[in-house]
Amino acid sequence: MLHVGLAHFLAVGALLFALGAYCVTTRKNAVGILMGVELILNAANVNFVAFGHYSWGGIHGQVFALFVIVLAAAEAAVGLAIVLTLYRHYKTIDVTRAERLEG
Amino acid sequence: MTEAVLFWLFAVVAVAGGLGVVLARDPLHGALSLLAAFFALAGLFLLLAAQLLAVLQVLVYAGAILVLFLLVILLLDLGPARAAASPPGVVKLAGALGALGLAGLLCTLFLSASFPPAVPPSDFGAVAAVGRVLFIDYTLPFEAISLLLLAAILGAVVVAKGKV
Amino acid sequence: MPVSLADILALLPEILLSLGALLLMMTEVFLAGARRGYQALLAALFTAAAFAAFLAQRGGGPRVLFGGFAVSDGFALFAGATICAGLLVTVVLGAGFLAPRSAERGEFYALALLAAAGMCLLVRAEDLLFVFIALELMSVPTYALVAYLRTGDRPSEAAFKYFLLGAFSSALFLYGAALVFGATGRTSLSGIAAAGGGKLLLAGLALVIAGLSFKIAAVPFHMWAPDVYEGASTPVTAFMAVGVKAASFAVLTRILVTAFGAPALAAVWQPLVVALALLTMVFGNLLALTQRNVKRMLAYSSVAHAGYLLVAVAAASRGFSGPSARGEAVSSLLFYLAAYTLTTAGAFGALAALERMGPDPQPWDLDRFAGLAKRRPWAAAATAMLMLSLAGIPPTVGFIGKLLVFKAAVDAGLVPLAIAGVLASVVGLYYYLRVVVVMYMQPAPLGSVPTPASWPLDLVLVATATLVLLFGLAPAGLANAALSSTGLLGG
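These protein sequences, in sequence, are chains A, B and C.
Just so we're aligned: the first sequence equals residues 15 to 117 in the numbering used here.
Just so we're aligned: the second sequence equals residues 32 to 195 in the numbering used here.
Just so we're aligned: the third sequence equals residues 279 to 769 in the numbering used here.
No wet-lab data here; the hints were simulated from the structure.
None of these values were measured; they are calculated from a predicted model.
Some clues are possibly wrong.
[Stated by the list, open to error] Incomplete in silico selection of chain B near chain C, CB under 10 Å:
hint	residue
1	GLY132
2	LEU178
3	LEU179
4	ALA183
5	VAL189
6	VAL190
7	LYS192
[What the hints assert, rightly or not] Listed below are the simulated SDA-like cross-link pairs for lysine to any residue, each with C-alpha atoms no more than 20 Å apart in a straight line:
hint	chain 1	residue 1	chain 2	residue 2
8	C	LYS652	C	ALA603
9	A	LYS42	B	GLY126
10	B	LYS123	B	LEU133
11	A	LYS105	B	LEU105
12	C	LYS685	C	ALA603
13	B	LYS192	C	GLY430
14	A	LYS42	B	LEU63
15	C	LYS477	B	ALA144
For each residue, glycine too, the CB sits at the ideal point set by N, CA and C.
Generate coordinates for the entire structure from the input sequences, incorporating the hints supplied.
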């Protein structure tokens, strides 16, 4: 309990990943799904930094996480713009109700 | 000792924030839980000697990305009433079991694997160390990501424009 | 790490594409009042230059660029040239499709060029970090392109679906990359291959494959494809079906063969890829059978083609076949990618040529093809040629592609998979030939207004159909080029 090691950080990452995956697969709200994706990205970042710190040395993991933050920002900007146009057309961001394409 | 206390504090807040994102009916509450999780993760990064990353986590994730989320939520006025209906119980249960299974699987995987221990150098994670690596060794990814940011700006403008 | 001029020169195609995008954005600001026809020409010029740059670099041995993030090898050059060819068709299609709808803007071409730059970087990425960045550089502009034309609700819904699944798949890929990093301490593909690892590496591998399977639309990760392909405007659909798929296949192959090429690991992923290939071929073809909507039919057809391409990927596994068989499999993959690019881009061109302006509840119904042979014999002949190539009937390039892929599978010991592939293509005959039958045997419905011809679209149709026939009759040149392009670094 008192000694904190690599496994502890990885467990936090795994929990966040599972929560994010749950969010993406069951949420119907577009913004909610996007937040789930952000959780997964953060889970990956915790893993990168923890692995880099505890087991592989090197700064590679941190730099990877740094790039991921930038990518997340780019993705969020475009994604939320798309959510806005969707709302303009359908007046809802419920994934299951914005459905005019067959199938 | 202090480290352990801090770790448990941040870890519990991070996971609770994640749970909040999943459980909140009101998107606004979800976004605020996410904010808490981001701050807690920044704390975890500090414990891992990733100072620059911790600062950027707060600045970019909490400061920029989350504000964007909040902006959209408020702009569209997505209160609990306007938010999407919650999925049926069966889906929720299956999803929850799946998520629990996934987390358990990953944890057993991590526990079963063995990792070589390493002692990080003293300047590990400092701005100077990361910056040097970023601009000398990572030239190509750095240039590519600037292109990506350009594409994202252009894409967001094109998409958000009222009509073509 | 010193950056040499040679490294920068090796990235000339990507630099040209990015420069083209920047120039188009500038002209959009400063020449906004002028007529916009020149923009397509500008985009086409830069694309052709990038294509030429890829061809000019052929022949040199594999080289590591920028300290190991990217490589320049035959595989990357061939795939990059294929992507540029697909982009060129997309640009011409865009010119013919957008101008009459008065929706021609520099941004459209700039986004397409940026996405193509991402694809070209993706096929030469040699590090999981760089793969991820290039993947996003390809995807983010594509999300925006899907939402570009906003006639009705379809594009915004398609963009939304594409974005959500794309973001999710990128996140899965990233978490997989984190696990791989944890297991090996490396992110470079050759480093991962050298390090090896246990169960954690396998979990990472599974997530990486799942993430990329979304991009190539392999069953069961294909659910988004029909809706997104239908909802996007037709030139964008062609770009997604051709460019995104080619780049994703190239990077999937590179990751599997170089990073996870060790026999013990190949023994794990080969059955996975075989299962994916089987599911994708069977369900892609069966689902396409029921479609009267030709655009959806082509979407499912592109899913089915992903299945044939996966057969080639499975055959490239080193664990079960010698180096020569692996070279054969990789070259068949490259050849099939080139053939698929030409044919599919042309087929979507045929669709764009028939699409009417203004509101239309059933714009892509099979009936639109009725009587085409009478009204526009050349367009009908070209469309028929493209459909034959998609179905894999001689003397088209599609037939040669299938032949090479299935032969590679047999040589790699995957005989049952090859047989399943042949059977699946037989099912495919029905829905491709149905289009030809409708064009030639059915009269145009009474009172139907023919769509006015547009020369860029006709150019695409005739050019792709001619090339499809040409490469089908004399495939040696292209096949030899593919065969000499199988040099994967460290593979």
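Legend entry - Hints violated by the structure (numbers, ascending): Hints 1 and 8 are the ones this structure does not satisfy, whereas the remaining hints hold.
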